[in-house]
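S.K.: Each chain, letter by letter, is given below.
Protein chains: 2
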Amino acid sequence: MTAWRDADTERMAALLCDYCLDVQPGQQVLVRSTTLAAPLLRALHAALLERDAWPLLRVELPGVEEDFHALARDRQLDAFGSIAEAEAAQADAFLTIQAPFNTRALADADPQRIARLARSRAPLTELRMRKRWCGTLWPTPAGAQQAGMSEDAFAAFVRGALFLDRDDPAAAWRELGAFQARLAERLSAARELRIEAEGTDLTLRVDGRTWVNSDGKRNMPSGEVFTGPLEDSANGTIRFTVPSSPRGVAVEDVELTFRDGEVVAARAARGDEYLQRTLATDAGARRLGEIGIGTNRGIDRPIGAILFDEKIGGTIHLALGRSYPETGGVNQSAVHWDLICDLRDGGRLTADGEVVETHSDAGAFE
Amino acid sequence: MTAWRDADTERMAALLCDYCLDVQPGQQVLVRSTTLAAPLLRALHAALLERDAWPLLRVELPGVEEDFHALARDRQLDAFGSIAEAEAAQADAFLTIQAPFNTRALADADPQRIARLARSRAPLTELRMRKRWCGTLWPTPAGAQQAGMSEDAFAAFVRGALFLDRDDPAAAWRELGAFQARLAERLSAARELRIEAEGTDLTLRVDGRTWVNSDGKRNMPSGEVFTGPLEDSANGTIRFTVPSSPRGVAVEDVELTFRDGEVVAARAARGDEYLQRTLATDAGARRLGEIGIGTNRGIDRPIGAILFDEKIGGTIHLALGRSYPETGGVNQSAVHWDLICDLRDGGRLTADGEVVETHSDAGAFE
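If you read the sequences in order, they're chains A and B. Going by the working numbering, 41 is the number at position 41 of the first sequence; the sequence numbering is gapless. Going by the working numbering, 250 is the number at position 250 of the second sequence; the sequence numbering is gapless.
In short, the hints are calculated from the structure, not lab data. Please note that the accuracy of each hint is not assured.
Unchecked claim - Coverage of chain A stretches by chain B, computed from C-beta distances (three or more under 8 angstroms per stretch; other residues unrestricted): (1) 19 to 29; (2) 32 to 43; (3) 46 to 57; (4) 70 to 82; (5) 86 to 100.
Claimed, not checked - Listed next, with one range per pair, are the computed distances between beta-carbon atoms: (6) A/ALA79 with B/ARG130: 22 to 28 angstroms; (7) B/ASP67 with A/SER150: 30 to 36 angstroms; (8) B/GLU126 with A/ASP52: 22 to 28 angstroms.
Owing to the predicted nature of the structure, the values given are computational and were not obtained by experimental measurement. Where is the CB? At the ideal position from N, CA and C, for every residue including glycine.
Modelling step: build the complete structure from the supplied sequences, incorporating the hints.
M.R.: In structure tokens, the structure reads:
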């Protein structure tokens, strides 16, 4: 017995094409994943043809990404080819499906080279961000292992997180979106937020900033509202009790102390070297680019994939580094590292002294 | 024990990059194959990075090509997207690696739709033909089955056909190229060719046409010289005793009778319906676009892949349909179908009455 059925693959493909990307006839849709996502990729290819669009599959083989990081020369690290640019400029929609062979594949890659690559690819990223785009995840054995689950349990977990187990997944996403719209409206009136939990007492300001309702169109799953805090406003200490796995590096129990927006003390029980190196990347890496509130009650525990973990209902996440311009945030950095603080065990979020309910207590999202 | 070793994969990748495509720093190299060629694709990716080029892998998944033929709408059959055009226009070199899951995958596809697709893609094909390009084959279980061999025997056969078993494969190809250059020079002086074998007596004219030395740079393996015969010159009857598998359709024992260049009688012991339908495609489909002479003594039997079969040392092939402009041939058609006549059992090729030795009797190509 397997938890994931062919019908789930079809429903996922339809959700991605219609709810997430709103694919229209004649559009060129670039879909990127690994060979492990073959069933979903084939279903997407068919679904895109049925919608009279152009499916452009970019299928990664085992080992190729690792080889690239190991073998790329200056040219490949610091520039990009004209065909990569044409793709980014001309595609109408982009779908990236995480389907790892090994979630630690880049653990031995040089972070300096990874950062160099991210910097040189920034113009391509900007081109893509102007279009419809979505990131999602396909359950693989490596993903299950990272989550500490069997493959069947992990597939069932992914299905629940994406609402594929609901009668009408798109309707469920619209319902969550409506709840989040109300939450974002309430937060838009706030000046100061305070995060309290064991070992955590941090304040920051969000007045004048825009809260984004992440309703599953760009991240599938989503379940988050976020903004960019005022860059010099964070004060206090926060403990991120949910483990983080940036680029396959295990980092646990990060504690950061901020003064006037800047990190003045930082330590991690595991991965401290990575933490210190990341903070030293550039000036913006020591300031916050994002505060997000997870609302997805279908995600009840971390799986080691930030796409899911930051959406856990009852958590807050802060990102070191680059802010999203649509929030009004202006922090610039090559870094954007989300770190998660769990409020479910006695923690709370207050806005100007008033507790914020970060999830609906009734209805579909319990 | 397996006949194909990792070292063979590395040698094949190096041969393709250097001898076939002459890859230079900064070039964008588009490589197309299926997931079954993963070991070669990974080796090529690394080899291209080592040569400071941009590897662009386009990896096909099982079933996707069949789905495309079944599901494509008018738009996809009659046009192409701007990204496909940008790839064809901007890539510096193209490598296509046959690595079929099933050599009969398109046996049920509608030939009209296949032809429509070929017609609409012709501008892309033309763009690619102006650059360096090469077609090759990677041994797969389906390829072995088509050849009637075990996988090990088939891998060893492919290795021999590509000269990967020689000390210096590129040097072996240069040696065959030099032999073929002399053969092409001798044929350039000919006015009339006559092909004689059991059931075959056909004459055609080649004066004024250019003989192309196919020395392994565009087809790997190659081992062929070819030209386009004068379009109204073929007279007589020819039997193609080597089976043909155009697009996965089995066609055997084709017999064609020509009068002044045009097919006036045609039959096939197997696949006659396909033969008749192909001849009816357009006016050019009833005339010859090519005569080629196979010289590769590493290929001693047909395997059901035209890339190999037309190179068998001691065979002649004629193509119905489109000629290659570089030969001086002017026949136009959506069809280009190579059919092979075996001369090894008492047949012969004469040029203005003189027997043509189509292979060296000494040296590396025995």
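S.K.: Could you run down the list of hints and mark each one as holding or not?
M.R.: Right, here's what the structure says about each hint:
{"no.": "1", "hint": "19 to 29", "verdict": "holds (count 3)"}
{"no.": "2", "hint": "32 to 43", "verdict": "holds (count 4)"}
{"no.": "3", "hint": "46 to 57", "verdict": "holds (count 7)"}
{"no.": "4", "hint": "70 to 82", "verdict": "holds (count 7)"}
{"no.": "5", "hint": "86 to 100", "verdict": "holds (count 4)"}
{"no.": "6", "hint": "A/ALA79 with B/ARG130: 22 to 28 angstroms", "verdict": "holds (25 angstroms)"}
{"no.": "7", "hint": "B/ASP67 with A/SER150: 30 to 36 angstroms", "verdict": "holds (31 angstroms)"}
{"no.": "8", "hint": "B/GLU126 with A/ASP52: 22 to 28 angstroms", "verdict": "holds (26 angstroms)"}
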